[in-house]
Structure formats: C-alpha cells, structure tokens
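A.B. asks: For the record, the sequence lines run as chains V and F.
Residue 72 in the numbering used here sits at position 72 of the first sequence; the count goes up by one each step and never skips.
For any residue, its number in the numbering used here is found by taking its place in the second sequence, counting from 1, and adding 1000.
Source of the hints: derived by calculation from the structure; they are not laboratory data.
Heads up, some of the hints might be wrong.
If you want the footprint, here are the derived chain V segments under chain F, 3+ residues with CB under 8 Å [stated by the list, open to error]: (1) 36-43; (2) 48-61; (3) 100-113.
We put the CB at the ideal spot given by N, CA and C, even for glycine.
Each chain, letter by letter, is given below.
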Amino acid sequence: NAGVMQNPRHLVRRRGQEARLRCSPMKGHSHVYWYRQLPEEGLKFMVYLQKENIIDESGMPKERFSAEFPKEGPSILRIQQVVRGDSAAYFCASSPTAAGSEQYFGPGTRLTVT
Amino acid sequence: KNQVEQSPQSLIILEGKNCTLQCNYTVSPFSNLRWYKQDTGRGPVSLTIMTFSENTKSNGRYTATLDADTKQSSLHITASQLSDSASYICGAERGGGNKLTFGTGTQLKVEL
Chain V
1 NAGVMQNPRH LVRRRGQEAR LRCSPMKGHS HVYWYRQLPE EGLKFMVYLQ KENIIDESGM
61 PKERFSAEFP KEGPSILRIQ QVVRGDSAAY FCASSPTAAG SEQYFGPGTR LTVT
Chain F
1001 KNQVEQSPQS LIILEGKNCT LQCNYTVSPF SNLRWYKQDT GRGPVSLTIM TFSENTKSNG
1061 RYTATLDADT KQSSLHITAS QLSDSASYIC GAERGGGNKL TFGTGTQLKV EL
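Extracted from the complex, chain F is given alone in its bound form (with noise of 0.2 Å):
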C-alpha cells in the first residue's frame, strides 16, 4: 500500500534554533519526494522537490535530504523565525502518474 509517515506530529521550538523533520514512504514505484509548507488556512507552497538520484536540496533555510535505499527523507530548518510556524507536509509520487500521497504533516511552532 502507498503511504507517507511523518513524524514527530507537532513541535515547539525557540526562535533561531535548528530542527528536522522526518518523512518515510512506500510508495512504489517512486518518482520523487516533494516538501510543502502550508501556513494555517491556505494552500500548501512547495519548497523542494527531489528526484530519486537526489540526496540533498536546499532552499534557503530549508535543506531536504533523501535516501532512496530506505526510503526516507529529512526537512532540516535552521535558524528557525517565528514565520516558519507551520504545518510541514511531505509528499510522494509514483512513477508513471502525477499523483500525490502525502502524509499528515508535522506541525511546527516556533516560540520567542
């Protein structure tokens, strides 16, 4: 069965410091592994997408890492701001499609 896990389920941080998020799928066969981040009452925004011969991608303070081999994937924030309270969802696609199975998100809160 195609499914997406993540975890924790929710976080609390202070501002500035570091955290990771986690991500395990099985969904086959796998064609990428995407990272949104959906501030509450809108729509999800993509911040990577990686293929499966992608180990690690950026964008800005926000590096994905992906291991094909055991089908996980990390969200790493760092120097985290009160704006990155959110939830953070990650999302798989299999290949031949453009369908997505996401899993139920971790919800961040960053705090002063």
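Bound conformation, chain V alone (with noise of 0.2 Å):
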C-alpha cells in the first residue's frame, strides 16, 4: 500500500506565477490535509477537505489560496500570484476516517519564490 504522495517534491516560481501542488492519498483514505511549514516554525494548518467537500479552511489565507479533492484525482492545493512570503515546505496527510484518526503525512512539496 502505497503512502501519501506529493509532487512536484520541489518547485521553484517566480514572483507572480501560479503554483499548483498535488496530494494524493493513501488507498483508501478520504480525508485530505494540507499544512504550511515555514523554517523554524511548526506544521500551520491550512485546510481539511473530503471527496469534493470542503470541511475546513480555517488556516487558509483569503486571497490567492485555493484547495480542491474532485471525486476522481489527487487533491490540488494551488496559489495564485506567489509571493516570496509563499515559500515554505507544503505537506498533505489523509486518514481513512473522520476525528481523531491517524494522520499519515506526505515527503512534501518545497515551494522556492523567486
């Protein structure tokens, strides 16, 4: 059974461009979570989303962010006009279930902002 898988792992834009970061899940597993890590500060919740639902975005910034789970596909995390602030390591996780179920993360996807 295969793990959560991120692409690009690493991608690079310049100031302005879209930014589209993929996820997808463990088999089996419904339930989709995307985090923000900057250096030296800790995983930031961004959004938690189920097969074409959105449940949660509370961390998500209002402008420029957007997530998506369609029912066929990975998820999408996508950024529009990136900003150097952008720049970060991103990570999605999925569970199988709803609360408190365990939370498997991905390798994650190095934003560069030039």
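Quick one: dock chain against chain with the hints and give me the complex.
C.D. replies: This is the structure in structure tokens:
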C-alpha cells in the first residue's frame, strides 16, 4: 500500500506565477489535510477536505490560495500570484476516517519563490 | 487561544543516553495528543496518539505520557541511537474536528 504521494517535491516559481501542488492520499483514505511549514516554525493547518467538499478552511489565507479534492484524481493546493512569503514546505496528510484517526503525511513539496 | 509549546527547542545527547521532551498545550476542547518524528527534508511520521483518558503509551523505545489535568505531555526516548536525530513535534487535536495544532518541535541530535 503506497503512502501519501506529493508532487512535485520541489517547485520554483517567480513572483506573480501560479503554483499547483498535488497530493494523492493513501488508498482508501477519503480525508485530506494540507499544512504549511515555514523555516523555524511549526506545521500550520491550512485546510481539511473530503471528496468534493471543503470541511474546514480556517487556516487558508483569504486571497490567492484555494484547494480542491475532486471525485477523481489528487487533491490540489493552488497558490495564485505567488510572493516570496509563500516560500515554505507544504505537506499533505490523509486519514481513513474523521476526527481522532491517524494522519499519514506525505514527503512534502518545497516551494521556492524567486 | 489554542496553542502548543515545546521544550527544549534543541537538545544534544550522547548515543545510548535517555532523554525527555516536553509539550504543553492549551487546545480546548481537547481530543487527543500526538507525537511525530520528522527527519530533515521528510514528512512527519506518527509515534503515538493518546486520548485524554490515556496516561502513557509506548512505541518501541519511545514512551509518551499525558496529564490532561495539567495539559502536559512528555516523550521519553530510551537508549538513544544516531538515527533518533530528528525534530520531534507535538500536536493536539481539538474535540469535534480533525484540526491539529502543532508545536515548533524539539530538534534532537544524538552524537557518538
């Protein structure tokens, strides 16, 4: 059973470009979470999705950031018009059920904005 | 405000020695407390999950404790190995949701 997969592992974007980060959850998992980790800071919750639904997006910046988890295919975290402050590691986690269940993390996507 | 604080920020120990990492949380309502190990450049890997009714849980050489009254947890590592060098992250989950609040981690280095 493959673990959580994220791609790309590294992404370089110039200021103003768009960044698309992909996350394929573990097989059988229908709950996906996105976290951001800045250097010297802890993981910060961004958004929690189930298939075709956003359950909790309280950690997402109001502008430029969006997330989706379609019926088919991976979950996508999209950052429009990136700025230098968006440079961070973005981690995706998945779980088989709801609250209290184990969250399995992917290897992360390291976004660098130049 | 929901917060998780960890101490120490960093720690260096000799191989074979034991160590204890601390975590204080103010997440409310509280559901469970988790410890993760994160190697440099990798995603976090779960070590333990404890609900408010559990006082201790072990995973090999890792033993976590939880005091829900004082809102404190600790992670004890026994007979440390070089491969234990990593960041250890504490996370608390609120009741009623899957949202985790994490501390900034303790950076552990095990030396010969």
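A.B. asks: Looking back at the hints listed earlier, which ones does the structure fail to meet?
C.D. replies: none
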